[in-house]
Every structure is written in C-alpha cells, then in structure tokens.
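Visitor: Quick mapping for you: the protein sequence lines, in order, are chains A and B. Per our numbering, residue 1 is the first one in the first sequence, and the count goes up by one each step. Per our numbering, residue 1 is the first one in the second sequence, and the count goes up by one each step.
Heads up, a few of these hints could be off.
Copies of the same chain are indistinguishable here, so a pair counts whether it falls within one copy or spans any two.
List of simulated lysine to aspartate or glutamate pairs, EDC-like, C-alpha gap at most 16 Å [stated by the list, open to error]:
1) Lys49 with Glu64
2) Lys133 with Asp60
3) Lys35 with Glu76
4) Lys35 with Asp103
5) Lys35 with Glu74
6) Lys12 with Asp277
7) Lys12 with Asp221
8) Lys223 with Asp13
To be clear, the hints were calculated from the coordinates, so they are not data collected in a lab. Computed from a prediction, not measured in an experiment: that's the story for all the values here.
Protein chains: 2
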Amino acid sequence: MEEDAGTLPSKKDFSAWYNDILWRAEIMDVRYPVKGLYVWYPFGFAIRKRVYQTLRDLLDVDHEEALFPLLIPEHEFMKEAEHIKGFENEVYWVTHGGRNELDVPLALRPTSETAIYPMYALWVRSHADLPLKIYQIVNTFRYETRHTRPLIRLREITSFKEAHTVHATWEDAERQVEAALDLYRRFYDRLCVPVLISRRPDWDKFPGADYTMAVDTIMPDGKTLQIGTVHHLGDQFSKTFGITYEDVNGEQQYVYQTCYGISERSIAALISVHGDDRGLVLPPDLAPLQVVIVPIIVARRRDEVIRAAGDLEEELLGCGLRVKTDLREIRPGAKYYHWEMRGVPLRIEIGPRDLDGGVVTAVNRYGEHAAISRDQVAAGVADMLASFRDQMREVAETRMKEHIRTADSLADAAESVKDGVVAVCWCGSAECADAIEEQVDASILGTDVRSSEMMTSAGTCISCGRTGALALISRTY
Amino acid sequence: MEEDAGTLPSKKDFSAWYNDILWRAEIMDVRYPVKGLYVWYPFGFAIRKRVYQTLRDLLDVDHEEALFPLLIPEHEFMKEAEHIKGFENEVYWVTHGGRNELDVPLALRPTSETAIYPMYALWVRSHADLPLKIYQIVNTFRYETRHTRPLIRLREITSFKEAHTVHATWEDAERQVEAALDLYRRFYDRLCVPVLISRRPDWDKFPGADYTMAVDTIMPDGKTLQIGTVHHLGDQFSKTFGITYEDVNGEQQYVYQTCYGISERSIAALISVHGDDRGLVLPPDLAPLQVVIVPIIVARRRDEVIRAAGDLEEELLGCGLRVKTDLREIRPGAKYYHWEMRGVPLRIEIGPRDLDGGVVTAVNRYGEHAAISRDQVAAGVADMLASFRDQMREVAETRMKEHIRTADSLADAAESVKDGVVAVCWCGSAECADAIEEQVDASILGTDVRSSEMMTSAGTCISCGRTGALALISRTY
Numbered sequence: 001m002e003e004d005a006g007t008l009p010s011k012k013d014f015s016a017w018y019n020d021i022l023w024r025a026e027i028m029d030v031r032y033p034v035k036g037l038y039v040w041y042p043f044g045f046a047i048r049k050r051v052y053q054t055l056r057d058l059l060d061v062d063h064e065e066a067l068f069p070l071l072i073p074e075h076e077f078m079k080e081a082e083h084i085k086g087f088e089n090e091v092y093w094v095t096h097g098g099r100n101e102l103d104v105p106l107a108l109r110p111t112s113e114t115a116i117y118p119m120y121a122l123w124v125r126s127h128a129d130l131p132l133k134i135y136q137i138v139n140t141f142r143y144e145t146r147h148t149r150p151l152i153r154l155r156e157i158t159s160f161k162e163a164h165t166v167h168a169t170w171e172d173a174e175r176q177v178e179a180a181l182d183l184y185r186r187f188y189d190r191l192c193v194p195v196l197i198s199r200r201p202d203w204d205k206f207p208g209a210d211y212t213m214a215v216d217t218i219m220p221d222g223k224t225l226q227i228g229t230v231h232h233l234g235d236q237f238s239k240t241f242g243i244t245y246e247d248v249n250g251e252q253q254y255v256y257q258t259c260y261g262i263s264e265r266s267i268a269a270l271i272s273v274h275g276d277d278r279g280l281v282l283p284p285d286l287a288p289l290q291v292v293i294v295p296i297i298v299a300r301r302r303d304e305v306i307r308a309a310g311d312l313e314e315e316l317l318g319c320g321l322r323v324k325t326d327l328r329e330i331r332p333g334a335k336y337y338h339w340e341m342r343g344v345p346l347r348i349e350i351g352p353r354d355l356d357g358g359v360v361t362a363v364n365r366y367g368e369h370a371a372i373s374r375d376q377v378a379a380g381v382a383d384m385l386a387s388f389r390d391q392m393r394e395v396a397e398t399r400m401k402e403h404i405r406t407a408d409s410l411a412d413a414a415e416s417v418k419d420g421v422v423a424v425c426w427c428g429s430a431e432c433a434d435a436i437e438e439q440v441d442a443s444i445l446g447t448d449v450r451s452s453e454m455m456t457s458a459g460t461c462i463s464c465g466r467t468g469a470l471a472l473i474s475r476t477y
Numbered sequence: 001m002e003e004d005a006g007t008l009p010s011k012k013d014f015s016a017w018y019n020d021i022l023w024r025a026e027i028m029d030v031r032y033p034v035k036g037l038y039v040w041y042p043f044g045f046a047i048r049k050r051v052y053q054t055l056r057d058l059l060d061v062d063h064e065e066a067l068f069p070l071l072i073p074e075h076e077f078m079k080e081a082e083h084i085k086g087f088e089n090e091v092y093w094v095t096h097g098g099r100n101e102l103d104v105p106l107a108l109r110p111t112s113e114t115a116i117y118p119m120y121a122l123w124v125r126s127h128a129d130l131p132l133k134i135y136q137i138v139n140t141f142r143y144e145t146r147h148t149r150p151l152i153r154l155r156e157i158t159s160f161k162e163a164h165t166v167h168a169t170w171e172d173a174e175r176q177v178e179a180a181l182d183l184y185r186r187f188y189d190r191l192c193v194p195v196l197i198s199r200r201p202d203w204d205k206f207p208g209a210d211y212t213m214a215v216d217t218i219m220p221d222g223k224t225l226q227i228g229t230v231h232h233l234g235d236q237f238s239k240t241f242g243i244t245y246e247d248v249n250g251e252q253q254y255v256y257q258t259c260y261g262i263s264e265r266s267i268a269a270l271i272s273v274h275g276d277d278r279g280l281v282l283p284p285d286l287a288p289l290q291v292v293i294v295p296i297i298v299a300r301r302r303d304e305v306i307r308a309a310g311d312l313e314e315e316l317l318g319c320g321l322r323v324k325t326d327l328r329e330i331r332p333g334a335k336y337y338h339w340e341m342r343g344v345p346l347r348i349e350i351g352p353r354d355l356d357g358g359v360v361t362a363v364n365r366y367g368e369h370a371a372i373s374r375d376q377v378a379a380g381v382a383d384m385l386a387s388f389r390d391q392m393r394e395v396a397e398t399r400m401k402e403h404i405r406t407a408d409s410l411a412d413a414a415e416s417v418k419d420g421v422v423a424v425c426w427c428g429s430a431e432c433a434d435a436i437e438e439q440v441d442a443s444i445l446g447t448d449v450r451s452s453e454m455m456t457s458a459g460t461c462i463s464c465g466r467t468g469a470l471a472l473i474s475r476t477y
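Please take these sequences and the hints and turn them into a complete structure.
Guide: Written out as structure tokens, the structure is:
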C-alpha cells in the first residue's frame with residue numbers, strides 16, 4: 001500500500017531505523033489519530049499470526065485456551081490492594097454507555113487477574129481440579145503517559161498472551177514458574193532471539209506477586225527489552241478472591257497461583273535483533289513468505305523462464321513451503337530490494353543460464369549464494385533454510401554476548417553499561433541498589449541469573465565491598 | 001470444570017435448553033459479574049477456533065487480515081451523520097485514564113468503519129490499489145439495554161469478523177456484495193447451517209449504507225436469527241473520510257465501499273440448529289474432538305482391551321483425525337452421556353466381543369450403530385464421518401423448510417408466523433409494512449430473497465391488494 005521511497009536509515013541509528021522499518025516492511029502504520037495506538041498492516045499481521053501460533057503450539061501441550069471479558073467492574077478491580085496500587089494510574093475507565101452514566105465504572109483490563117480470578121473461585125472445587133492452566137490472547141490497555149513506541153510501549157497492547165495457573169501448594173506453583181520459563185526459552189529459541197532470564201529485584205516485581213522472573217533481550221542500542229515475565233502470586237489473590245479447594249482430607253485450602261505473559265514486544269525483539277540495513281531478517285519458520293522466486297527474463301527466452309519459475313513454485317509449494325514467484329514488470333534489483341526489506345529468508349533466481357546449467361541460483365537473506373541442482377532443488381532449499389536458521393541463531397547469540405561485560409567497580413560499570421548489560425556483584429541491600437543505580441545511571445535488571453555462561457560464584461559488592469552475588473545492570477526500555 | 005448434574009431440558013423448551021446447554025457442554029460461563037459479558041470455557045473456545053479458522057480459510061483466498069485499534073476518538077466517530085445516529089445510544093465511552101479526564105473521549109468500537117476509513121484515506125492512492133479487501137476479527141461493544149443472551153445479544157461481542165472493501169465503481173462494490181454473500185453461503189454450508197438470504201427493508205439497513213443484504217437462519221422456536229450482513233456503503237463514507245483514488249485519466253475520484261460481518265452468532269446458530277435433547281451435535285469438520293474411543297472393559301481382558309483402544313487411537317491420529325480414548329474409571333454409559341453432550345460426531349466402542357470378531361462398534365451422534373472391520377477402520381471411520389456430515393446438512397435443511405410457510409392473507413400470516421417464517425406478497429409501501437407488522441405481530445425480514453425454492457413470481461399485497469413481490473415475515477431475535 002505504500003511506495004518504497006528513499007532508503008532505510010542505518011541500523012547504527014537504531015531509533016530511526018526502527019521507526020522507519022515498521023512502515024517500509026509494512027509492519028505497522030503509526031498514523032492512527034490517537035497516541036499509542038497503531039494499525040497492523042496485513043504483512044505485519046501475517047508475522048504476528050505465525051509468532052502467536054508458535055506460542056500456542058507450545059502452550060497447547062498442557063494449557064487450555066479460553067477467553068475472558070475486557071471490561072472489569074470497579075469493585076472487582078479494586079479488591080487486591082497491592083495490585084490496584086500498581087495499576088491505578090494506568091487504567092482506562094469506561095464511565096458512559098450511550099448518554100447514560102454507568103452505575104459501576106468499568107476498567108479496560110490492563111491485565112486480567114481481576115477478571116479471571118472471580119471465575120476461578122467458581123471453577124476450582126477440589127484437588128482433582130488442580131493444576132488448572134489456562135491462557136488467553138487478548139488486547140489490554142495502559143494509559144501510558146510516557147513516550148509511546150509501536151510494539152514496545154503502547155496504550156492498546158493488541159496481543160497479550162497471559163497464562164494463569166492454579167496449584168495446590170506454593171512449591172507446585174514454584175515448579176510452574178520454572179516450567180513457564182522453560183517454555184518461554186523454547187519460544188524465543190524458535191524466534192532465534194537470545195534471552196537473559198533473571199529474578200527482578202523486589203521493588204520491580206508484579207504488583208501482588210511473591211516474586212517475578214523476567215525474560216529480557218538486548219536491543220541493538222544496548223538497552224534491554226523485557227519480553228516476558230513469570231510471576232509467583234503466592235496465595236495473595238486466592239485469599240482476595242476466595243479461591244479454595246477441598247484437599248484429600250476434606251479441608252478447604254487456599255490455592256497458590258502463577259501468571260505469565262508475553263506481548264507483541266516479542267515481535268519488536270524479532271525485528272530488532274535480526275534486522276539489518278536492508279530490512280527485516282526473518283527465521284524461516286516465522287516468515288510469511290519463505291522463498292521468493294525471481295525470474296531473470298531476457299526477451300528471447302521469456303516464456304521458457306516464466307514456465308520454469310512456475311514449475312519450481314509448484315514443486316516447492318508441494319513440499320509445504322510458502323513460496324511466491326514475483327512476476328511484476330520491474331527490474332530484478334527492485335524485486336530483491338522489496339523482498340529483502342520484508343525479510344524473506346531465501347531468494348531463488350532462475351534465468352536462461354540457470355536453465356542451461358540445470359541449476360537454480362539461491363541467495364539467502366545474508367547474501368550468500370549457492371547453485372542448487374534443479375533435480376535436487378527441494379532438498380537443497382530445505383537445507384539452505386535450515387542452515388540459515390542456525391546461522392541466525394548463532395549471529396544473534398554472538399552479538400548478544402558482545403553486549404555483556406563484567407565490571408568490578410562503579411566507574412567500570414558506568415562506562416560499560418553504555419554499550420549493553422553489565423554483570424556485577426551486589427550485596428542485595430536497597431542502599432547499595434540506590435547507589436549503584438544512581439552512579440551507573442542504569443537499573444538493576446535482576447539477580448538469580450539463569451545462564452550457563454554467567455559467573456555464579458560470589459564476589460564483593462561493587463558499592464559497599466561486602467559479600468555479594470551476581471546481578472545484571474542495564475539501561476532498559 | 002463443572003460436574004454434570006441433572007439433565008438437559010427438552011429442546012422443545014428452546015430457551016431453557018439453550019441456557020442450559022451453554023454450561024453443560026462447557027461453551028460459556030454466564031456468571032461473570034457484568035450484564036451481557038460472558039466467559040468462553042476452553043471447550044467452547046476450541047469450537048470458536050475451528051469456526052473462525054473456517055471463516056479465515058474462505059476469506060484468505062482474496063482478502064488480507066489486519067488489525068485496527070479498539071478505541072476511536074470522538075471526532076472521527078462523529079463524522080458520518082447517519083452512522084452516528086444509528087449507534088449513539090449504544091456506544092461505550094472511555095472518559096478517564098488513571099485519575100485524569102481525557103481531552104478527547106474514546107469510543108469502544110461498536111463496528112470499525114470510523115477506525116478503519118481514516119487509514120484507508122491514507123492507503124488508497126490510485127486505481128492500481130483497488131480493489132482493497134481487508135478483514136479483522138476483533139471484540140466490539142454495544143451498550144445493550146435490552147435483555148442480553150450469550151452469543152446472541154452481547155455487550156462485548158468477542159468475535160466480530162468484519163471485512164471492509166474498497167472499489168472504483170458502485171457496480172464493482174455491488175459485485176463484491178454478491179461475492180460476500182456467496183462466501184457466507186459457503187461458510188454456513190460448512191457449518192451445515194441452512195440460511196435465508198434477503199434484502200433488508202430500508203428502515204432496517206446499516207446506518208450509512210445504500211442497502212443491506214442479510215443472512216438469517218431459523219431457530220428451533222421459529223424465530224429468525226440474523227447471522228451475517230453485507231452492506232453496500234456507496235460513497236457515503238468515502239466522501240466523509242476523503243477516500244479518493246486517481247483514475248486512469250489522472251482525476252481524483254471517490255471510492256465505493258462495502259463492509260460485511262459475522263459474529264459469534266454463527267456459533268449460536270451452530271449450537272441451536274443441530275443440538276438435541278442429549279446435547280450438542282457438531283459437524284465433524286468443526287468438532288474439537290471427532291472420535292471418542294470408549295473401551296468396554298471386563299476385568300479378565302482389561303489390558304488387552306486397553307491396548308487395542310490405544311492402538312486404534314494411534315492409527316486414527318495418524319490419519320489426521322482428532323481422537324481421544326476415554327480411560328476414566330466410570331461406567332461406559334456415563335462416558336457416552338459426557339461426549340454426546342459435547343457433540344462428538346462418532347463414538348467407537350471396543351470390547352472383548354469386538355476383539356474376538358475383528359471389528360469395532362461405531363456409533364454416530366444420531367445413535368446409528370455400525371460394525372467396522374478392524375482392518376478397514378480408517379476408511380470406515382472416514383466414511384461414517386462424511387456421511388454423518390451430509391445427514392446433518394439434510395436434517396437441518398428439512399427442518400428449516402418445515403418452518404417456512406406461505407400466506408395470502410394477514411390472518412393466515414399471523415397464524416403461521418408463530419411457527420416460523422412466512423412468505424407473503426407485499427407492495428413495498430411503508431404504510432402496508434406498518435399494517436403487516438402490526439397485524440401479523442412480526443417483522444418484515446427482507447425482500448429480494450435468494451433462494452431457488454422460493455416463489456419469485458409477483459402476486460397481490462396481503463395488506464392492500466395491489467401488485468406486490470415476495471417478502472419474508474418473521475419474529476426475530
């Protein structure tokens with residue numbers, strides 16, 4: 001719907017690159033006339049569908065999908081004290097229906113604990129009902145007063161996947177937290193997006209939770225983006241909403257709960273981690289189009305080339321690949337530009353010389369060429385897509401590692417944090433946290449880091465010199 | 001999550017049956033604490049997913065899916081005079097964000113013309129951009145003051161599929177109206193739900209449209225349920241929102257538009273048209289579970305039977321069927337009851353006698369038994385499912401025809417309309433419409449009826465005796 005005009009800014013200027021790629025690759029239109037609300041173009045939406053199908057596939061193994069209402073009556077929303085404190089400045093309120101003022105104002109869900117848990121109080125009866133694992137994918141709302149940014153900081157989060165589980169014991173819920181982290185790790189592995197998993201400091205946990213684990217990735221500008229959270233809710237909400245079960249002895253017990261969410265920030269990460277100066281780079285599993293065939297037409301052998309491209313398309317479609325032949329009457333170079341911008345993992349060029357040689361020329365999105373024998377094209381394409389995905393994962397992981405440094409002094413940390421995440425030792429005290437955050441000019445991202453490559457041995461706190469443990473510091477989105 | 005207790009009311013008492021089946025078959029929970037908002041249970045949501053995937057499959061042939069924001073600023077919403085008159089009493093307004101009053105009140109979309117068309121004004125540039133065919137599946141809101149009913153009359157319509165197309169000429173848009181009707185016909189054919197297609201009288205058309213075509217079905221109580229509408233919008237909205245294109249001569253022209261929608265009423269129809277006194281009856285393509293295997297266990301040969309059931313399940317799963325073996329420690333009869341309630345099209349019983357005879361016993365949801373040779377089980381099951389779907393379609397069509405009568409007097413019509421739809425002749429005047437609607441105590445559903453079986457020849461108006469044409473009258477939901 002938009003003409004390509006001009007070029008994409010270099011990714012070195014990440015903010016300009018990000019804003020530009022969203023419309024050049026037809027992900028989102030930012031011109032909707034309300035701050036913080038954006039429109040998904042069809043191409044962007046096709047990526048969204050694949051990303052969320054990937055998430056559903058992982059969840060559906062042992063979760064069930066359901067759907068709860070958007071509107072939450074004020075009296076339910078206001079029940080959990082910590083929770084409301086965390087959200088009251090960000091909630092949109094519906095106050096009128098037609099010309100009438102409503103008796104009870106209705107909140108647009110910022111998250112659905114207070115919509116779901118009154119129903120859980122009705123649904124959970126006995127230990128045989130546990131564990132209960134339900135998720136929904138919905139739009140949620142935050143009245144953001146800060147600077148908004150498509151896919152990252154929104155007033156309508158269009159694609160919030162939130163899971164809510166119920167367990168008999170605190171320990172069962174704790175195991176579910178770990179299972180959810182594992183699921184999120186596998187999800188981001190399919191997106192080839194490397195992640196850092198850590199435990200948020202107490203002042204940064206979900207309002208009402210016992211503790212919060214978070215999944216972050218590092219953006220090209222070195223800032224971290226939170227792309228998933230998992231909360232152990234203890235029995236706070238079950239006590240508020242009266243969610244109890246009859247145990248094996250016939251006694252009523254309060255349940256323990258977890259909830260965990262992923263939003264369209266997953267797509268912001270997908271775009272930002274992999275994209276380059278020529279546009280999107282998409283993993284083959286997530287790309288709406290996996291292979292584009294560009295016929296190289298010379299007048300004399302036009303029909304022959306077009307026929308060969310059509311046959312090739314049919315053969316690859318028959319293998320279950322998402323393929324398209326670009327027959328537009330424009331230069332091949334313009335086609336390359338167009339499909340590179342949209343992240344198509346593999347381009348196949350087929351011209352008279354290829355026909356004569358019994359080959360096709362395949363070029364992956366990194367620009368690596370290979371001649372594939374026409375006889376072996378299905379296997380050759382499958383191999384190239386598989387190795388391209390592995391390459392993407394490797395490139396992203398290497399790049400993330402380059403953005404992680406260790407520091408053993410505040411001055412070191414302040415310098416290193418400009419370029420990424422800094423691993424330090426911290427004693428765990430609030431005073432030192434304040435001192436670190438102020439002097440390093442960044443946030444304590446988390447502790448209890450889940451990474452085989454991070455040092456886990458104790459050291460001395462970079463602020464006070466007492467014994468401390470690993471903590472990550474970063475500038476955050 | 002709920003225990004079956006008591007029995008389903010007879011479908012003869014349709015209203016009681018409908019309310020009851022929703023929770024007994026785990027479709028919806030109506031206990032959410034706001035009028036007109038309901039919760040989709042996982043099983044109901046699984047049906048919803050299949051129904052909407054069917055719709056997507058049909059649309060994706062030549063439409064693209066996108067997503068536009070829920071919140072519409074007051075100034076956009078108020079632009080089209082007819083449109084706002086039609087909706088102003090039904091719109092929910094967001095007036096506050098946190099504790100602040102918003103500068104511009106935001107409407108929760110009751111439908112998305114005023115959210116989408118400002119973007120179309122930016123997107124459509126030239127004749128080469130036309131036709132544009134986009135759809136979205138979203139939640140929409142109506143402040144209903146009438147009696148609400150799950151899936152039928154809601155305050156949050158959770159599953160509104162709305163398509164919005166743009167064309168160069170009025171005639172192109174008219175052709176799209178017919179294409180959309182054809183698509184809806186095919187959609188309901190897959191649901192085995194028979195439909196009546198007609199043109200709504202002028203006073204009943206979509207606010208702002210040139211004309212409205214509607215898709216209705218007849219519910220078990222003889223009332224019609226509108227389950228799809230297709231609107232020719234003319235150039236009303238394009239003039240309001242400034243949607244123009246450059247034609248081949250370089251002149252700016254206003255576009256012509258259509259929009260058409262289907263909501264979760266499609267699922268209300270699916271449930272109501274097919275269900276019976278024992279529960280849901282689902283077409284095999286739409287059923288979350290297509291085949292349930294119930295092992296008939298006698299102690300002596302327990303392991304053998306369970307192993308045979310497992311082997312059978314594996315074989316049928318391998319054929320791409322949705323199958324489950326019910327191994328719960330309850331009586332077979334209780335299992336039959338459970339799965340009949342949930343509309344599973346085919347039950348397979350496998351016990352010692354079946355093993356000895358080299359057969360399995362298959363029972364379709366209408367209760368018809370067949371012995372299938374174990375060697376031929378995959379083909380036998382596929383055949384039974386296919387013929388069950390055909391039977392469902394036939395049963396539903398026969399039943400609908402029984403609910404359609406013709407009448408050539410007001411008294412006749414008043415009597416017949418108690419049991420369904422009445423076909424009459426009407427001169428087309430507003431006075432006669434008023435007279436008919438008052439004396440028959442029902443509504444004029446539509447004219448220009450698209451059915452091969454309806455009389456199309458002219459006759460005399462049942463009210464004034466002048467020349468008239470076919471019109472349908474019914475009591476409506």
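Visitor: Take the hints in turn and mark each one as holding or not.
Guide: Do the hints match the structure? See the list:
1. Taking the shortest Cα distances, Lys49 and Glu64 sit within 16 Å of each other only across copies (12 Å), while inside one copy they are farther apart (18 Å).
2. For the identical chains of this complex, Lys133 and Asp60 are intra-copy neighbours only, at 10 Å inside a copy versus 32 Å across copies, given an alpha-carbon limit of 16 Å.
3. For the identical chains of this complex, Lys35 and Glu76 are inter-copy neighbours only, at 14 Å across copies versus 28 Å inside a copy, given an alpha-carbon limit of 16 Å.
4. Taking the shortest alpha-carbon separations for Lys35 and Asp103, only the inter-copy value of 12 Å comes in at or below 16 Å, while the best intra-copy value is 29 Å.
5. Taking CA atoms no more than 16 Å apart as the test, Lys35 paired with Glu74 passes between copies only; the shortest distance there is 14 Å, against 25 Å inside one copy.
6. Taking CA atoms no more than 16 Å apart as the test, Lys12 paired with Asp277 passes inside one copy only; the shortest distance there is 9 Å, against 67 Å between copies.
7. In this assembly of identical chains, Lys12 and Asp221 lie within 16 Å of each other by CA distance solely inside one copy; the values are 8 Å within and 67 Å between copies.
8. Taking the closest pair of Cα atoms, Lys223 and Asp13 come within 16 Å of each other only inside a single copy of the chain (13 Å); across copies the shortest separation is 63 Å, beyond that limit.
Violated hints are absent here; each numbered hint is respected by the structure.
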